[in-house]
Amino acid sequence: MVTLRPTSPAGLLLRVTIVVLALATGWIHSTLGGLLFSLNAAGYVVAAAAMVAPIGLAIRFRWFIRLGLIVYAATAIVGWYLIGPRYDVAYLAKGIEIGLITLLLVEVRAYDGNPLRRIRQALRPSGPGAPA
Amino acid sequence: MHAVRRSIGIAIATVLAAAALSACGSGAAPARTPPASGDPAGPWIAISAADIAFNQAAVSVASNQPFTIVFENREAVPHNVSLIAGAPDSERRFEGAVVNGPATRWYAVPALAPGTYRFVCDVHPSMTGRLTAT
Chain A
1 MVTLRPTSPA
11 GLLLRVTIVV
21 LALATGWIHS
31 TLGGLLFSLN
41 AAGYVVAAAA
51 MVAPIGLAIR
61 FRWFIRLGLI
71 VYAATAIVGW
81 YLIGPRYDVA
91 YLAKGIEIGL
101 ITLLLVEVRA
111 YDGNPLRRIR
121 QALRPSGPGA
131 PA
Chain B
1001 MHAVRRSIGI
1011 AIATVLAAAA
1021 LSACGSGAAP
1031 ARTPPASGDP
1041 AGPWIAISAA
1051 DIAFNQAAVS
1061 VASNQPFTIV
1071 FENREAVPHN
1081 VSLIAGAPDS
1091 ERRFEGAVVN
1101 GPATRWYAVP
1111 ALAPGTYRFV
1121 CDVHPSMTGR
1131 LTAT
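Residue numbers (the numbering used here), protein chains in the order written: chain A, 1 to 132; chain B, 1001 to 1134.
You may find that some hints are simply not true.
What the hints assert, rightly or not - Across the chosen pairs, the derived CB separations fall in these ranges: (1) B/GLU1075 <-> A/GLY68: 30 to 36 Å; (2) B/PRO1125 <-> A/PRO125: 41 to 47 Å; (3) B/GLN1065 <-> A/LEU13: 55 to 61 Å; (4) A/ASN114 <-> B/PRO1066: 55 to 61 Å; (5) A/VAL52 <-> B/TRP1044: 51 to 57 Å; (6) A/THR7 <-> B/ARG1074: 45 to 51 Å.
Simulated from the structure, these hints should not be mistaken for lab results.
Yeah, the Cβ is synthetic: ideal placement off N, Cα and C, and Gly gets one too.
The following block holds chain A by itself, in its conformation from the complex (with noise of 0.2 Å):
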């Protein structure tokens, strides 16, 4: 386990860096016209603001919204893979959402642990939900 503290310079410096590759792809899919892209663009930033949001029930879970946005680049990714065009703004859009990813995983490794273990605490009627 990677010791870093959410307090820390390097732990502030990630989740930071974090908040602005979630804003930067979500503004990316907000130039893009149409209600997918709009709802796309909408997510990101609804995370980005959960990512930081000093309110108790997201501290609590921060865990789950940082897999959840994981998760939520990882099928722009795929759906962009599957149907999307290719060109420019578009590899720069995935090239952010994988760098995305990318330090979510540092933050999952170094606050959360194994996440399937985080999931079934979460699921036990006395769950811990740890804040991160």
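Given the structure of chain A, go ahead and fit chain B onto it with the hints provided.
What follows is chain B alone, placed relative to chain A:
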């Protein structure tokens, strides 16, 4: 801590590599910027896009001879024009480069066999029209 820094470095390198890759092009047929005045040499058709829609529902061209699509993107949203053969093969016959923002581009399209084709925007698959080669 070193592992975290290394991961951040890898992520940044990934983004930069993707940006560099994008500069190599998308594999789509390159679009030429038209001259300030004049029409393309040879047969051509005009297709334009605005409000996430093509302004032409149907166009026709002569079959078995190359032609030019003069594509005008009238909005800030990226669009392109690709041609897909009708049933039964439904194969892609031409893919125009995406035009980012308002601009006019010429697509040089190879000769098409007689038949009906769909023209679509790859960025917005709901944008479609019909091209008939007679």
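Outcome of the hint check:
no. : hint                               : verdict
1   : B/GLU1075 <-> A/GLY68: 30 to 36 Å  : holds (33 Å)
2   : B/PRO1125 <-> A/PRO125: 41 to 47 Å : holds (46 Å)
3   : B/GLN1065 <-> A/LEU13: 55 to 61 Å  : holds (59 Å)
4   : A/ASN114 <-> B/PRO1066: 55 to 61 Å : holds (59 Å)
5   : A/VAL52 <-> B/TRP1044: 51 to 57 Å  : holds (53 Å)
6   : A/THR7 <-> B/ARG1074: 45 to 51 Å   : holds (50 Å)
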